[in-house]
Amino acid sequence: MDAKRAIAELERKVGELNELGQREGLALSEEIGCLQARLRDLRRSLLPAQATPEWETVKLARQPQRPYPLDYLSRIMEDIYELHGDRLYGDDQAVVAGLGRFAGQTVVFVGTQRGRSLEENKRRNFGMPHPEGYRKALRVMQLAARFGFPIFSLIDTPGAYPGIGAEERNIGGALAESIYRMFQLPVPIIVAIIGEGGSGGALGLAVGDRILMLEHAVYSVITPEGCAGIIWRDRTKAPEAAKALKLTAPHLLELGVIDQIIPEPPGGAHHDPDAAARALKEALDRQLQELLKLDQAELLARRGEKFQRMGCYEELTIAVGQSKEG
Amino acid sequence: MPIFGNKQYFRVKLEAEERGKDEALWLKCKSCGQLVFKRQVQQNRNICPKCGEYFFLTARERIKSLVDERSFRDIARPLVAVDPLHFVDLKPYPQRLEQAQQETGLASALVLGRAKIEKLPVILAVMDLRFIGGSMGSVMGEQIVHGLHRAAARRRAFILVSSTGGARMQEGILSLMQMAKVSAARHLLAEAAVPFISVLTYPTTAGVLASIASLGDVTLAEKGALIGFAGPRVIKATINQELPPGFQTAQFALEHGIVDQVVSRAEMRGEIARLLRFFVPGSGKMKRVPSGPTARQNGR
Ligand SMILES: [Zn+2]
Numbered sequence: 004m005d006a007k008r009a010i011a012e013l014e015r016k017v018g019e020l021n022e023l024g025q026r027e028g029l030a031l032s033e034e035i036g037c038l039q040a041r042l043r044d045l046r047r048s049l050l051p052a053q054a055t056p057e058w059e060t061v062k063l064a065r066q067p068q069r070p071y072p073l074d075y076l077s078r079i080m081e082d083i084y085e086l087h088g089d090r091l092y093g094d095d096q097a098v099v100a101g102l103g104r105f106a107g108q109t110v111v112f113v114g115t116q117r118g119r120s121l122e123e124n125k126r127r128n129f130g131m132p133h134p135e136g137y138r139k140a141l142r143v144m145q146l147a148a149r150f151g152f153p154i155f156s157l158i159d160t161p162g163a164y165p166g167i168g169a170e171e172r173n174i175g176g177a178l179a180e181s182i183y184r185m186f187q188l189p190v191p192i193i194v195a196i197i198g199e200g201g202s203g204g205a206l207g208l209a210v211g212d213r214i215l216m217l218e219h220a221v222y223s224v225i226t227p228e229g230c231a232g233i234i235w236r237d238r239t240k241a242p243e244a245a246k247a248l249k250l251t252a253p254h255l256l257e258l259g260v261i262d263q264i265i266p267e268p269p270g271g272a273h274h275d276p277d278a279a280a281r282a283l284k285e286a287l288d289r290q291l292q293e294l295l296k297l298d299q300a301e302l303l304a305r306r307g308e309k310f311q312r313m314g315c316y317e318e319l320t321i322a323v324g325q326s327k328e329g
Numbered sequence: 081m082p083i084f085g086n087k088q089y090f091r092v093k094l095e096a097e098e099r100g101k102d103e104a105l106w107l108k109c110k111s112c113g114q115l116v117f118k119r120q121v122q123q124n125r126n127i128c129p130k131c132g133e134y135f136f137l138t139a140r141e142r143i144k145s146l147v148d149e150r151s152f153r154d155i156a157r158p159l160v161a162v163d164p165l166h167f168v169d170l171k172p173y174p175q176r177l178e179q180a181q182q183e184t185g186l187a188s189a190l191v192l193g194r195a196k197i198e199k200l201p202v203i204l205a206v207m208d209l210r211f212i213g214g215s216m217g218s219v220m221g222e223q224i225v226h227g228l229h230r231a232a233a234r235r236r237a238f239i240l241v242s243s244t245g246g247a248r249m250q251e252g253i254l255s256l257m258q259m260a261k262v263s264a265a266r267h268l269l270a271e272a273a274v275p276f277i278s279v280l281t282y283p284t285t286a287g288v289l290a291s292i293a294s295l296g297d298v299t300l301a302e303k304g305a306l307i308g309f310a311g312p313r314v315i316k317a318t319i320n321q322e323l324p325p326g327f328q329t330a331q332f333a334l335e336h337g338i339v340d341q342v343v344s345r346a347e348m349r350g351e352i353a354r355l356l357r358f359f360v361p362g363s364g365k366m367k368r369v370p371s372g373p374t375a376r377q378n379g380r
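Respectively, the protein sequence lines represent chains G and F.
All residue numbers for the first sequence refer to our numbering, where the first residue is 4 and numbers rise by one.
All residue numbers for the second sequence refer to our numbering, where the first residue is 81 and numbers rise by one.
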C-alpha cells in the first residue's frame, strides 16, 4: 500500500517538475530522471517476483532431502571415523571432520553438515558453523598434513553463523586463519560444493587444488535474499538476485572459479543418492590420481597460482599524474 | 569530466584537493545531534569536538594523518574494475564505479603507496569507505597482493588500514575469491620476515575481516571502530534479540582477544612507529629458521 501511495506521490512530483521546467525554462532533466528511476523501481517492486532458472537451482541446492556430507561419505568410503572438538572451546557439529578410507588409502574429510530433523538441525545449527567448527576442521587438516593424507572438503552451508557467540570468539579471524593455512597444507585438497556454498562460511573450508561442484549446487558471495535486500530492500526479489549473482555451476566454470561440474541423477541428487555418490566418488578419485603425481612444492605453488589468477580487471596505461615508483 | 572514462589513470597525490567535499560550513553530529563547525571538526582529526564521536577518514585524510610529510608515493598498478557479471542492479555497475571515481577522485577503493612513518619505510594500503562502501573486488584484491609483493621484496613493513563493508557484491563470486587470493599472498611477508600491522577502523567487517585484515602480526583497532564478521542488523534479525551494549566496538574486540590494542586517532601514527621499531631488521638475535610448509616438512 505504501508503495502505491509513493508511486502516486512521485508521479505528481514528476508532473509538477515537468510543468515547472517548461513554464520557467529550467533544465530539470536530471532531477526528473532521478525521480523516474525511483518510480521504475517502485513499480517493479509491486510485480510478483519472477522465477529464474538460477533461483530454481537455489531451491534444488537447498532441497532438504538432498544428500549431506555424511550421506556421501558413508557411501564413498570403506570406513569413516569422525573426530570431535577444536581442543579450545567445544565441538561444533555444524562441521564434521575425521578420517576415512577411500579407494584403499587413508584420507581426511571435512565438511559442513546440516541436520535432517528439527532435533538434528538444532544440534547442527542448520549447517551454520561457529568459529570452533573451522578450528576443528583446521586441526584435523593439520593432522592430515603430518601424515600425508589427502583432504576432501564437502561444502553445504548457508554461511557462518551470524550470532553473538560467533563474534565473541572471532569468527572473522577463524575464517581468515583457515583460508590462510589451507594454502600451506602440503597434501592434495579437493573441495566439492555439494549443495549451498554460502559466502565466507563456505570459503573457510573451500581452498583447494581442485574445486568441484555438483550440477545443482550454488556458490555465492552473498545469499540471493541478502543481495535482494540490499539492492531492492525486498528479500522476495531473491530470484532476480540469484540471476544477477551468477551463482550456478556453469557460470562459475566459465568464470574460472571451479574446475569440474559433477552431473547429478535426473531431478537432482536426492532422487538417487547412490548414483550421486558414485559420480562424486569417480570425480574425487580421478582428480586425486592426478594430484598425487605432483610433489609437495609443485602442489603448493599451483594451489597459490590458481587463486592468484582469480578476478577480473583492466590494466590501463598511466597518462596523468604519473610519478616514479620506488 | 569523466576522469576514467577516457582510460586515463590518476595517481593519488596527497596535496590534491579532496573531492566530494560539500560546501556546508556546519554539520550535524550523528551521535550527539549537535551542530558543529566543520572546520573545527576537520582540525580535530574528524572527531566531534562536542562528544568525541569518530567520523571516518577518507583514504587521503588517513594517509596524511599517518605518514611523514612529502614521503608518500602512489605505487598502485593502473587497474580499474570491469563488470564481469554484467551485474543487474538499480544502477549498472560501471555507472556505479564511475560515480564513485568522480566522487572520490580515486581509481578504486584502495590507495596503495610507499611512505615513511617517523622515518621508517612502509608500504601503506588504505581503504576508502566512500568508494562503494570500501568493498573488496578484483582490483582491491590485486592491489593488496601487489603491495604484499612490494613489501616483501623491498623489506618494508606492510600497513593495512581497513575501512570496508566486505566483499563487493557486484563482482559476485570473484570478489569472494579475493579473500582467498589476498590470504594466500600474505605468506610472502612471513617468509621474508617483514612485519604486517593491520589497523581496523570504522568499519572492518565481513569478507575483509575474514581474510587479510585478521592476518596481521599485530592488529590495532582505532577507537570508534566497528569490528565484526556479520553486520549488527543481520545478527539481530537472526537471533531476534537486542545486542549487548558495546557489541563489536574496538573495546569489545580487545576484551575478546581479537585485537592487540585500541588506539586513539591522535596516537595512531606514533603507536605504529613505536611498534615498527621493534621489528627493524637485525632486532632479533636468533638466526631465523627457514619457514614455510616445505621447509617444515623436511625439517626432521
Ligand atoms: Zn558529537
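You may find that some hints are simply not true.
[Stated by the list, open to error] Here are the simulated DMTMM-like cross-link-like pairs (lysine to aspartate or glutamate), alpha carbons at most 25 Å apart as the crow flies: (1) 316(F) - 228(G); (2) 246(G) - 149(F); (3) 7(G) - 59(G); (4) 171(F) - 33(G); (5) 316(F) - 122(G); (6) 93(F) - 149(F).
Quick caveat, the hints were computed from the structure, so don't treat them as lab data.
Each hint, compared with the structure:
| no. | hint | result |
| --- | --- | --- |
| 1 | 316(F) - 228(G) | 16 Å, holds |
| 2 | 246(G) - 149(F) | 49 Å, violated |
| 3 | 7(G) - 59(G) | 30 Å, violated |
| 4 | 171(F) - 33(G) | 15 Å, holds |
| 5 | 316(F) - 122(G) | 23 Å, holds |
| 6 | 93(F) - 149(F) | 12 Å, holds |
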